[in-house]
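Undergrad: Just so you know, the sequences run in chain order A and B. Mapping the first sequence onto my numbering, position 44 (from 1) lands on 44, and the numbers just tick up by one. Mapping the second sequence onto my numbering, position 7 (from 1) lands on 7, and the numbers just tick up by one.
In short, the hints are calculated from the structure, not lab data. Beta carbons: idealized from backbone N, C-alpha and C, even for Gly. Fair warning: there could be bad hints in the mix.
Listed below are the simulated EDC-like cross-link pairs for lysine to aspartate or glutamate, each with C-alpha atoms no more than 16 Å apart in a straight line [what the hints assert, rightly or not]:
| # | chain 1 | residue 1 | chain 2 | residue 2 |
| --- | --- | --- | --- | --- |
| 1 | A | Lys50 | B | Asp419 |
| 2 | A | Lys30 | B | Asp194 |
| 3 | A | Lys12 | A | Glu149 |
| 4 | A | Lys63 | B | Glu273 |
| 5 | A | Lys31 | B | Asp332 |
| 6 | A | Lys30 | B | Asp332 |
| 7 | A | Lys63 | A | Asp17 |
So the derived list for chain A, only partly shown, Cβ under 7 Å to chain B, looks like this [unchecked claim]:
| # | residue |
| --- | --- |
| 8 | His24 |
| 9 | Lys30 |
| 10 | His33 |
| 11 | Pro34 |
| 12 | Gln47 |
| 13 | Leu49 |
| 14 | Asn56 |
| 15 | Asp84 |
| 16 | Phe87 |
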Amino acid sequence: MFDPFEILNLEKSYSLDPLILEKHYFAEQKKSHPDQFSRATPEEKAQALKQSILVNQAYQILKNPLQRAEYLLKSAGVDSLSHDPSFLGEVMTWTERLQNGKDLKPELLDKEEFLFNELENGLRDKDYEKARVAFYRLTYVCKLLRQSEGE
Amino acid sequence: MLLQLVEPGQTPDPHGSSEGIVIGIDLGTTHSVAAYVRDGKPKILNLGEGPLLPSTLSLKEGEFKVGDILGEVLSSTKRFMGREIGHRFSLEGYQLTPVEVASHILFHVKQRVEQSLKARVEAAVITVPAYFDEAARVGTKQAASLAGIKVLRLINEPTAAALAYGLESGSEGIYAIYDFGGGTFDFSLLKLKDGVFQVLGTGGDLNLGGDDIDQALCCHLHLSDLRKARIIKEALSEELSFEGMEREVLEVLAAPYVKRTLKIAQDVLREAEISINEIQGVVLVGGMTRMPLVNQEVANFFCIPPLSNIDPDQTVAMGAALAAQGIRYGSDTLLLDLTPLSLGLETMGGLVEKIIPRNTPLPALASQEFTTSEDGQGGMVIHVVQGEREFVSDCLSLARFELKGLPPLKAGAARVRVDFSVDVEGLLTVTAFEKTTGLSQHVEVRPSYDLNQETVSHLLLESQEFGKQDIQRRLEVEEKLRSRPFKVEN
Chain A
1 MFDPFEILNL
11 EKSYSLDPLI
21 LEKHYFAEQK
31 KSHPDQFSRA
41 TPEEKAQALK
51 QSILVNQAYQ
61 ILKNPLQRAE
71 YLLKSAGVDS
81 LSHDPSFLGE
91 VMTWTERLQN
101 GKDLKPELLD
111 KEEFLFNELE
121 NGLRDKDYEK
131 ARVAFYRLTY
141 VCKLLRQSEG
151 E
Chain B
1 MLLQLVEPGQ
11 TPDPHGSSEG
21 IVIGIDLGTT
31 HSVAAYVRDG
41 KPKILNLGEG
51 PLLPSTLSLK
61 EGEFKVGDIL
71 GEVLSSTKRF
81 MGREIGHRFS
91 LEGYQLTPVE
101 VASHILFHVK
111 QRVEQSLKAR
121 VEAAVITVPA
131 YFDEAARVGT
141 KQAASLAGIK
151 VLRLINEPTA
161 AALAYGLESG
171 SEGIYAIYDF
181 GGGTFDFSLL
191 KLKDGVFQVL
201 GTGGDLNLGG
211 DDIDQALCCH
221 LHLSDLRKAR
231 IIKEALSEEL
241 SFEGMEREVL
251 EVLAAPYVKR
261 TLKIAQDVLR
271 EAEISINEIQ
281 GVVLVGGMTR
291 MPLVNQEVAN
301 FFCIPPLSNI
311 DPDQTVAMGA
321 ALAAQGIRYG
331 SDTLLLDLTP
341 LSLGLETMGG
351 LVEKIIPRNT
361 PLPALASQEF
371 TTSEDGQGGM
381 VIHVVQGERE
391 FVSDCLSLAR
401 FELKGLPPLK
411 AGAARVRVDF
421 SVDVEGLLTV
431 TAFEKTTGLS
441 QHVEVRPSYD
451 LNQETVSHLL
461 LESQEFGKQD
471 IQRRLEVEEK
481 LRSRPFKVEN
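Construct the entire structure; sequences and hints are all you get.
TA: In structure tokens form, the structure reads like this:
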């Protein structure tokens, strides 16, 4: 199974220093990028291309905190998208306020920070229910944040 | 100052071997330049009358001639690269495609280099604007192949410029490459670290260049000849006044174009989430950056004096030569590029399903499954498009093919997987296959169908302007389609 942490030779953990991630990404690309194989055999080239694509995919997932969390939840067997009706009410209130021209950015940023903390703690303590709820809410808060910035 | 990609002595001597040499070619809109590496340093080659070969084609006594600027000549044809099929330039009875014109120029470059170095040109790195779309990249490769040049790699002009400045050696950080040429404007952000060039974001306008300023000057002075305007413009970069024209007046005419370049820079910075104070340096490329106004405005915008100690017309070719040497003989430098525009395909209701979003690192592979909407549906039309908008009609059509002979199943039962694969040069291959039968078909995207280059540079701009409107339309259409599965057919 596709494991972005394994591909980039990293420990499977939500907290990840972006500089370490980048270092590993570059190191793995240096080993597999097709430009390094311009004089290799067609088989070696094909193999390198495949690996280089995987390294890019792994990097894309791990550098995005939400995608990283989604992968970790999935690999722990948690359905990250199960519903949370109580929260949807809150989302609808926010949406209405946004449509009425309210500046929600500071409020949403606070919420985002709080939820990312919850997510990180949940994943660290293997409290997957806590992590799942935080993840689910974050997907909405991030969307709302983008909307509030687009205004 | 210049980077040594390869330690002298560690690699085969390019001249002594029978392998031939590798060169870098900057196939520019107004000029083309070639370079090769000797003793670890890039050297510009003389292509006839000097380093700059005008990218023109004419006919002299029944023979094609490259580099003339007088008389009936085809020029700035690069702007049309990848344009709709059937686009032809007329030259004294001949009908030529942009690819054919480029191949004549490349063939000329190859011949001149072989004559002056007395060695065979084995392969080349050719540069393209970072913003060049799929079709234009394929066109450039076809032109090289027609000219008998093996392409080691297409690389983006800004990356080449950064290589020429040797930015990866010791100067870690984020750099902006501001490339204002005769025909096009290109802006890229590169991150340099541990010998890796990572493109963080890129933007540009295929129809914004020094030519526009020549045009504006022409109008202002009521001149009939663009070349005259160009001479005045170039002279005013050196002198405060020339033939009764003041530099200040030219600057007033040029200012709106310079503003547009900085607006593009601003957009790229915002999208890459990079702030101006994170920029370590700005590299100036392209003839237009000789204009003092450009230098000054760029310096003001970035709050740092830009790097311009390499001739801005030769920077890209020098970087291309270093890249050619690096790829051919091995190097510690790695170029990590991105897709300049999103790639996707048409689904029900004329909607675009993005498969590979813009700014995805290359090489990339992404898949999506689709299904039929009618019982016994025998085929599926795969329509590949490029662009940021939500509707097919607002994107660029790249290719269209049909997966025929689907098994006669109930609607929604067939499973067709579509793979999009983009290689390190940004070239796309699309494969579709039906999972139960293993039926498959694939296409390498070629410049064809209803491509219209002029719309390319506006695609992104439009997507920002119309983004919200599109999403609204999309939600409405999706609402209507909710009960139906996706169908990839017209």
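Undergrad: Does Asp17/A sit within 16 Å of Lys63/A, going by the straight-line distance between their CA atoms?
TA: Holds. Lys63/A to Asp17/A sits at ~9 Å (cutoff 16 Å).
Undergrad: Any CB of chain B closer than 7 Å to the CB of Asn56/A?
TA: 4 Å, holds
Undergrad: Does the nearest C-beta of chain B fall within a distance shorter than 7 Å of the C-beta of Leu49/A?
TA: 6 Å, holds
Undergrad: Given a cut of 7 Å on the nearest C-beta pair, is the interface hint for Gln47/A held or broken against chain B?
TA: 13 Å, violated
Undergrad: Taken at face value, is the distance from the CA of Asp332/B to the CA of Lys31/A at most 16 Å?
TA: 11 Å, holds
Undergrad: Run the distance test for Lys12/A versus Glu149/A: straight-line Cα separation, threshold 16 Å.
TA: 33 Å, violated
Undergrad: Are Lys30/A and Asp332/B close enough, with their CA atoms no more than 16 Å apart?
TA: 8 Å, holds
Undergrad: Under 7 Å, Cβ to Cβ, is where Phe87/A needs to be relative to chain B, so tell me if that hint holds or is violated.
TA: 21 Å, violated
Undergrad: When the nearest CB of chain B is found for His33/A, is that gap smaller than 7 Å?
TA: At about 6 Å, which falls below the 7 Å cut-off, the nearest Cβ of chain B leaves the hint on His33/A intact, so it holds.
Undergrad: Tell me if Lys30/A is really an interface residue toward chain B, meaning its C-beta lies closer than 7 Å to one of theirs.
TA: Result: holds, 6 Å to nearest chain B Cβ.
Undergrad: Are the Cα positions of Lys50/A and Asp419/B separated by 16 Å at most?
TA: 14 Å, holds
Undergrad: Can we keep the His24/A interface hint, with Cβ of chain B closer than 7 Å?
TA: 11 Å, violated
The earlier numbered hints that this structure contradicts are 3, 8, 12, 15, 16.
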